[in-house]
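S.K.: Take a look at the letters that make up each chain.
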Amino acid sequence: MKFKLDKLASNVKAIRQDFPILDREVNGKRLAYLDNAASSQRPVSVINKFNEIYSNNYSNVHRGVHTLSMESTELYENVRKKIANFINVDDQNEIIYTKGTTESINIVARGWAKYNLKKGDKVVLSEVEHHANLVPWFMLRDEIGIIIEFIPVLDDFNLDLDSLEKIIDKKTRLVAVSQISNSLGTIIPLNQIIETAHSNGALVLIDAAQSAPHQKIDVKDLGADFLVFSAHKLLGPNGVGVLWAKMDILEQFKPFIGGGDMISKVTFENATWNEIPYRFEAGTPNITGVIAFGEAIDYLNNNNYVELCQYAHYLSEFARKELSALSYIEILGPSDPSLRSSLFSFDIKGVHPHDVAQILDSAGVAIRAGHHCAQPTLNRFGFSSTARASFYLYNDMNDVEQFIESIDLVEKRFL
Amino acid sequence: MKFKLDKLASNVKAIRQDFPILDREVNGKRLAYLDNAASSQRPVSVINKFNEIYSNNYSNVHRGVHTLSMESTELYENVRKKIANFINVDDQNEIIYTKGTTESINIVARGWAKYNLKKGDKVVLSEVEHHANLVPWFMLRDEIGIIIEFIPVLDDFNLDLDSLEKIIDKKTRLVAVSQISNSLGTIIPLNQIIETAHSNGALVLIDAAQSAPHQKIDVKDLGADFLVFSAHKLLGPNGVGVLWAKMDILEQFKPFIGGGDMISKVTFENATWNEIPYRFEAGTPNITGVIAFGEAIDYLNNNNYVELCQYAHYLSEFARKELSALSYIEILGPSDPSLRSSLFSFDIKGVHPHDVAQILDSAGVAIRAGHHCAQPTLNRFGFSSTARASFYLYNDMNDVEQFIESIDLVEKRFL
Amino acid sequence: MDASLDDLYREIILDHNRNPRNYGALNEGNIVEIEEFNPLCGDKIVLYLQSDKEIIVNVHFTGEGCSISQASASIMTDLMIGKKINEADELLDKFRLYMTDLNNSEPDVNLGDIDAFQGVKKFPARVKCAGLAWNSLGKALQELNS
Amino acid sequence: MDASLDDLYREIILDHNRNPRNYGALNEGNIVEIEEFNPLCGDKIVLYLQSDKEIIVNVHFTGEGCSISQASASIMTDLMIGKKINEADELLDKFRLYMTDLNNSEPDVNLGDIDAFQGVKKFPARVKCAGLAWNSLGKALQELNS
Ligand SMILES: Cc1ncc(COP(=O)(O)O)c(C=O)c1O
Ligand SMILES: Cc1ncc(COP(=O)(O)O)c(C=O)c1O
Chain A
1 MKFKLDKLAS
11 NVKAIRQDFP
21 ILDREVNGKR
31 LAYLDNAASS
41 QRPVSVINKF
51 NEIYSNNYSN
61 VHRGVHTLSM
71 ESTELYENVR
81 KKIANFINVD
91 DQNEIIYTKG
101 TTESINIVAR
111 GWAKYNLKKG
121 DKVVLSEVEH
131 HANLVPWFML
141 RDEIGIIIEF
151 IPVLDDFNLD
161 LDSLEKIIDK
171 KTRLVAVSQI
181 SNSLGTIIPL
191 NQIIETAHSN
201 GALVLIDAAQ
211 SAPHQKIDVK
221 DLGADFLVFS
231 AHKLLGPNGV
241 GVLWAKMDIL
251 EQFKPFIGGG
261 DMISKVTFEN
271 ATWNEIPYRF
281 EAGTPNITGV
291 IAFGEAIDYL
301 NNNNYVELCQ
311 YAHYLSEFAR
321 KELSALSYIE
331 ILGPSDPSLR
341 SSLFSFDIKG
351 VHPHDVAQIL
361 DSAGVAIRAG
371 HHCAQPTLNR
381 FGFSSTARAS
391 FYLYNDMNDV
401 EQFIESIDLV
411 EKRFL
Chain B
1 MKFKLDKLAS
11 NVKAIRQDFP
21 ILDREVNGKR
31 LAYLDNAASS
41 QRPVSVINKF
51 NEIYSNNYSN
61 VHRGVHTLSM
71 ESTELYENVR
81 KKIANFINVD
91 DQNEIIYTKG
101 TTESINIVAR
111 GWAKYNLKKG
121 DKVVLSEVEH
131 HANLVPWFML
141 RDEIGIIIEF
151 IPVLDDFNLD
161 LDSLEKIIDK
171 KTRLVAVSQI
181 SNSLGTIIPL
191 NQIIETAHSN
201 GALVLIDAAQ
211 SAPHQKIDVK
221 DLGADFLVFS
231 AHKLLGPNGV
241 GVLWAKMDIL
251 EQFKPFIGGG
261 DMISKVTFEN
271 ATWNEIPYRF
281 EAGTPNITGV
291 IAFGEAIDYL
301 NNNNYVELCQ
311 YAHYLSEFAR
321 KELSALSYIE
331 ILGPSDPSLR
341 SSLFSFDIKG
351 VHPHDVAQIL
361 DSAGVAIRAG
371 HHCAQPTLNR
381 FGFSSTARAS
391 FYLYNDMNDV
401 EQFIESIDLV
411 EKRFL
Chain C
1 MDASLDDLYR
11 EIILDHNRNP
21 RNYGALNEGN
31 IVEIEEFNPL
41 CGDKIVLYLQ
51 SDKEIIVNVH
61 FTGEGCSISQ
71 ASASIMTDLM
81 IGKKINEADE
91 LLDKFRLYMT
101 DLNNSEPDVN
111 LGDIDAFQGV
121 KKFPARVKCA
131 GLAWNSLGKA
141 LQELNS
Chain D
1 MDASLDDLYR
11 EIILDHNRNP
21 RNYGALNEGN
31 IVEIEEFNPL
41 CGDKIVLYLQ
51 SDKEIIVNVH
61 FTGEGCSISQ
71 ASASIMTDLM
81 IGKKINEADE
91 LLDKFRLYMT
101 DLNNSEPDVN
111 LGDIDAFQGV
121 KKFPARVKCA
131 GLAWNSLGKA
141 LQELNS
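Residue numbers (this note's numbering), protein chains in the order written: chain A, 1 to 415; chain B, 1 to 415; chain C, 1 to 146; chain D, 1 to 146.
Looking at chain A on its own, in the form it has when it is part of the complex (with noise of 0.2 Å):
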């Protein structure tokens, strides 16, 4: 173990070399990037595509008979192979391109639910779900009369798997769960839910924003229907997501956005769909922001990034470990190690979360403040907001003592 983790230690100690951010000073001080949940940092390989590609072989896509636009549309549509490899997808026309894991759930949502659930049909989330996996089935019950049920979250941060044969039933079309919560860090033990869902029928949605920048994701093997990431929080590019479903059930959507590309006839009185996934893809796309994407995966794959995560996971848990010690402090999430993620909330209690940011900016450390967008989970927990530390490949020791010794300079300063 002692081996393993000094053989991880002096891989990430690699891997930082190509992330020029973590080169900055902040406040004076070194940079610990502790925001990682948020959104990650990007590697050179990533960075270097977008000048690569606009300054090589920019055009736009799919309609042009010319060598530039088809090296751009080739060099985009290759990405898709690479993410239906990324999570074990035998066809790649069923990768969707999106904007992020927000407009992936309102695809599904309005999309898809919106035509094949009716007034009464049941949609199961959980009480640990982001606001993304939450107010876009609010605006489709108030549009069409769903149902809306929560699988509860226990005082002991797990998901209360005890109740899952209640909750879903035979009226249950879709249970959308998140794999990794954003706010608490619990890990969600999937199986059983799917499980429970389609022993009732229901299909499955997994967010896997937070789970597949830390480990391998396989649907298959999951056996999920539908399944939605950010590349924005695994080294990749903003603005482009992906929207993963099954075949059989991407041709019960109706489109969500009309325009070009998305067409196969046009005439003044009405249109007729293009094949999938492009009858999904209206308009020019982030072809740039797919090509980088891709660069991103490439980087994952190439340098194991499970393996890397593991020891952020390290990282994360060391960390938690010392701040648990401090008496002032509050740690949400499982007592079981294996059941949390590479992040954790944590409270000091007198002192507002944007306060200990702020404090922690001034040390060079960033961690997010707030109610990470997961306001209902926070507040049956009791709080309006944390303070989080989240992990990523990059992130070393130093990164952790650093963060250890500025909350000193909290208690300094408030306590």
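Hints in this document: simulated from the structure, not taken from any laboratory.
Heads up, the beta-carbon is just placed ideally off N, CA and C, and yes, glycines get one too.
Please note: incorrect hints may appear among the correct ones.
Just so you have them, the derived chain A footprint on chain D, three or more residues with Cβ under 8 Å [said to hold, decoys possible]:
| hint | region |
| --- | --- |
| 1 | 46-54 |
| 2 | 133-146 |
Within a straight-line C-alpha distance of at most 25 Å, the following computed BS3-like cross-link-like pairs (lysine-lysine) qualify [said to hold, decoys possible]:
| hint | chain 1 | residue 1 | chain 2 | residue 2 |
| --- | --- | --- | --- | --- |
| 3 | D | Lys94 | A | Lys81 |
| 4 | B | Lys265 | C | Lys128 |
| 5 | B | Lys119 | A | Lys254 |
| 6 | A | Lys118 | B | Lys118 |
| 7 | A | Lys265 | D | Lys128 |
| 8 | A | Lys118 | B | Lys114 |
| 9 | D | Lys122 | B | Lys412 |
| 10 | A | Lys82 | D | Lys128 |
| 11 | B | Lys119 | A | Lys118 |
| 12 | A | Lys265 | B | Lys122 |
| 13 | A | Lys29 | C | Lys122 |
| 14 | D | Lys94 | D | Lys44 |
| 15 | C | Lys121 | A | Lys29 |
| 16 | A | Lys412 | C | Lys139 |
| 17 | C | Lys122 | B | Lys82 |
| 18 | C | Lys44 | B | Lys81 |
| 19 | B | Lys265 | C | Lys139 |
| 20 | B | Lys29 | D | Lys121 |
| 21 | A | Lys122 | A | Lys170 |
| 22 | A | Lys119 | B | Lys254 |
| 23 | A | Lys82 | D | Lys122 |
| 24 | B | Lys118 | B | Lys246 |
| 25 | C | Lys44 | B | Lys265 |
| 26 | B | Lys119 | A | Lys119 |
| 27 | A | Lys114 | B | Lys114 |
| 28 | A | Lys254 | B | Lys118 |
| 29 | B | Lys265 | A | Lys122 |
| 30 | B | Lys114 | A | Lys254 |
| 31 | B | Lys118 | A | Lys119 |
| 32 | C | Lys44 | C | Lys139 |
| 33 | A | Lys114 | B | Lys119 |
| 34 | C | Lys121 | B | Lys254 |
| 35 | B | Lys254 | A | Lys254 |
| 36 | A | Lys412 | C | Lys122 |
Add chains B, C and D with the ligands to chain A, keeping to what the hints say.
M.R.: Frame of chain A; chains B, C and D with the ligands shown alone:
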């Protein structure tokens, strides 16, 4: 005039240095990029912005207290003011970031029209619209039963303005037209359309996707109610677009996409909406894309783009004249040059546009062939596709000459 | 410690945060109650404004927030008690001007302790925190004026 | 002239484009009619497949398209006339394999003139053009088989 052209030509020469892709060879030939109406190329300052931000200031926006988040939020929000100035809007909160023109129009159709129009209300379009300004209205018609009518295009490629009084009536709630047709190159005289619309109590949406790159847009002067365009057609990055509407109209919108950042308060039962513009910007936005778009706007302003675009128009007219001397070529577009933008569609009798574009590509000339996402417009003129050459501020006389010479190759091989 | 942090957390602010004035609900007399959220962090302020004709008789607040938003609420409520409604309108305008004008470092005597917020301006993310209580004041005044 | 352009526009292709075989509608006998679009360029092919039991008696096409799509339709229809339906199924599979396999440069005797499309593979944007008529054949066969 001659003096001015010489001056502009020399300006263009300098401008070309800023666009690295123009140095590239295609099939062993100099690149003559004449596919600008599909997407423009980017100057170094825009390209480098990705590198700069991702290497120095990147973080997720809005929710962070730490320095990186503060910096990226400020850079990202400052672009709103730049866009507002660019189209002469006073209140920068009226600028909604979208992923492109297509999404912008869909947001108007499904966020505003869906809730403010009712069965039997009329939406008037024109017969020269891009699919992006057709399909969303077809989808809305199928959903709520609005009536769609078209301002006809005449055989002379101009809209039939005499028909306005008949088509735009008291039942008309919205008139949605482009300022420049991307397939015919026709410049639409908007004044009369807007006047007729307003005098009937209808609002007006301007699709400025093709016009904003070439001319100063002044929404106050126009008297428009909604205006939409895409960054990628005016030197900006992919995945960024603009929706502008007057604040009192924006207040009538329901959110199109639900999720993080667009809420004020979320419980397990309900959500309330954040202020405008954030209400319409759910999820992690295209942060770097927007910041790079700000750079594109600066570039346009600093280089007096309107004047440079006069040169692009001169080149377009020059090329057009040369081609029109060839008996086997038919050129589409109005006969009055002042009603033509810097692009034209053409047909080489007996040779399919795909084959034309292919042969031109072998000579380094990039033009587009196809229906240009305006199928019904082309069909109206008896074409299922055309070839299209479109010019922008970095094109020069070499491009024109190379283009004209390459037309000879088509004749040699096919005629 | 970091100089600018000292600038942000002036002693006046820390004191108002530790001992907020006028904290607690009001429920007698002619009360306007406004609930205001900061959507970015989940902070909430409930403002209770008690008026008698043209005069603001009492202002209290409840809710949770960071040191900046709590201190701002505490100082604001202190400042408003006893003011005429049109005076309050004016002070609100002054505060908004003060917080958005990065160059002006002149204290405004009329804003009293608010001058302690000079340092907050350097932290754009915190300007919103400072404004929360004042935004609810704005809504309360609007309700009174209409 | 550019070598690869010569490769794309082989004489066989240009000839089929200039003089398309089997052009024109069919409307007698047992006809399956399929309309197929290339959404990228607006090209359209209407395929008319006349069968008698297991045999494809005649295949015609109408519509507009580029030299590649027209030549492909002309060659394909030529090839199909007289074939059994299961033979046609096989040829369709072979064609699809042939067009997607960039390495295989071996001509397949069974595909006849299709070998002229070797050069098209180097132009991904044009592979779609070559496939249009074959896609409509696929749909026609599916209709016959079901
Ligand atoms: C007139 C017009 N409208 C709308 C669009 C669609 O823009 P985008 O593809 O950027 O969404 C275009 C560009 O293709 C256009 O030319
Ligand atoms: C669990 C979860 N779901 C959804 C989202 C929304 O992702 P995005 O903002 O990229 O659309 C996030 C990230 O903030 C998340 O952590």
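S.K.: Please go over all the hints and tell whether each is borne out by the structure.
M.R.: Quick rundown of the hints versus the structure:
1. Under the rule that three or more residues need a Cβ within less than 8 Å of chain A, the assignment of the region 46-54 of chain D is violated, with 0 such residues.
2. Only residues whose beta carbon comes within less than 8 Å of a beta carbon in chain A count, and the region 133-146 of chain D has 0; fewer than three means the coverage is violated.
3. Between D/Lys94 and A/Lys81 the alpha-carbon distance is near 23 Å, which keeps this suggested pair within the 25 Å criterion.
4. Note on B/Lys265 and C/Lys128: the hinted pairing holds, with a Cα-Cα distance of about 16 Å set against a maximum of 25 Å.
5. Distance check on the hinted pair: B/Lys119 and A/Lys254 sit about 21 Å apart at the alpha-carbon level, within 25 Å; holds.
6. For a cut-off of 25 Å, the pair hint linking A/Lys118 to B/Lys118 stands: about 22 Å separates their Cα positions.
7. Distance hint between A/Lys265 and D/Lys128 is fulfilled; the C-alpha atoms sit about 16 Å from each other, no more than 25 Å.
8. Using a Cα cut-off of 25 Å, the hinted pair A/Lys118 and B/Lys114 holds, with the two alpha carbons roughly 20 Å apart.
9. Taken as a hint, the D/Lys122 and B/Lys412 pair is honoured in the structure, with Cα atoms around 22 Å apart against an allowance of 25 Å.
10. Taking the CA atoms of A/Lys82 and D/Lys128, the gap is near 22 Å; set against the 25 Å cutoff, the hint holds.
11. The straight-line distance between the Cα atoms of B/Lys119 and A/Lys118 is roughly 22 Å, inside the 25 Å bound, and the hint therefore holds.
12. Simply put, A/Lys265 and B/Lys122 have alpha-carbon atoms about 24 Å apart, close enough for the 25 Å limit, and the pair holds.
13. Restraint check: the Cα-Cα separation between A/Lys29 and C/Lys122 comes to about 18 Å, which is no more than 25 Å; the hinted pair holds.
14. The suggested pairing of D/Lys94 with D/Lys44 holds, with an alpha-carbon distance near 23 Å, which does not exceed 25 Å.
15. For the hint linking C/Lys121 to A/Lys29, the alpha-carbon distance of about 22 Å falls within 25 Å, and the restraint holds.
16. Distance check on the hinted pair: A/Lys412 and C/Lys139 sit about 37 Å apart at the alpha-carbon level, beyond 25 Å; violated.
17. With a CA separation close to 22 Å, the supplied pair C/Lys122 and B/Lys82 stays within the 25 Å bound.
18. The hinted pair formed by C/Lys44 and B/Lys81 fails the criterion: a straight-line CA distance of about 29 Å is larger than 25 Å.
19. Annotation: proposed proximity of B/Lys265 to C/Lys139 holds, straight-line Cα distance about 17 Å (limit 25 Å).
20. Distance restraint check for B/Lys29 and D/Lys121: the Cα-Cα separation of roughly 22 Å lies within the 25 Å cut-off, and the hinted pair is therefore satisfied.
21. Restraint check: the Cα-Cα separation between A/Lys122 and A/Lys170 comes to about 9 Å, which is no more than 25 Å; the hinted pair holds.
22. Between A/Lys119 and B/Lys254, the direct Cα distance comes to roughly 21 Å. Compliance with the 25 Å bound is thereby established for this hinted pair.
23. As the CA atoms of A/Lys82 and D/Lys122 are separated by approximately 22 Å, the hinted pair is consistent with the 25 Å bound.
24. At most 25 Å may separate the alpha-carbon atoms for a hinted pair to count; B/Lys118 and B/Lys246 meet this at roughly 21 Å.
25. Taking the CA atoms of C/Lys44 and B/Lys265, the gap is near 10 Å; set against the 25 Å cutoff, the hint holds.
26. Proposed proximity of B/Lys119 and A/Lys119 is supported: the alpha carbons are some 22 Å apart, at most 25 Å.
27. Only pairs whose Cα atoms come within 25 Å are accepted, and A/Lys114 paired with B/Lys114 is accepted, the gap being roughly 15 Å.
28. With a C-alpha separation of about 22 Å, the suggested pair A/Lys254 and B/Lys118 falls inside the 25 Å cut-off, and the hint holds.
29. Only pairs whose Cα atoms come within 25 Å are accepted, and B/Lys265 paired with A/Lys122 is accepted, the gap being roughly 24 Å.
30. Between B/Lys114 and A/Lys254, the direct Cα distance comes to roughly 17 Å. Compliance with the 25 Å bound is thereby established for this hinted pair.
31. Restraint check for B/Lys118 and A/Lys119: the C-alpha separation of about 22 Å stays at or below 25 Å, so the hint holds.
32. With a CA separation close to 14 Å, the supplied pair C/Lys44 and C/Lys139 stays within the 25 Å bound.
33. At most 25 Å may separate the alpha-carbon atoms for a hinted pair to count; A/Lys114 and B/Lys119 meet this at roughly 20 Å.
34. Taking the CA atoms of C/Lys121 and B/Lys254, the gap is about 33 Å. The hint is violated against a cut of 25 Å.
35. Taken as a hint, the B/Lys254 and A/Lys254 pair is honoured in the structure, with Cα atoms around 20 Å apart against an allowance of 25 Å.
36. For the hint pairing A/Lys412 with C/Lys122, the CA-to-CA distance comes to about 22 Å; that is within 25 Å, so the pair holds.
Violation of the numbered hints given earlier is confined to hints 1, 2, 16, 18, 34; the remaining hints are satisfied by the structure.
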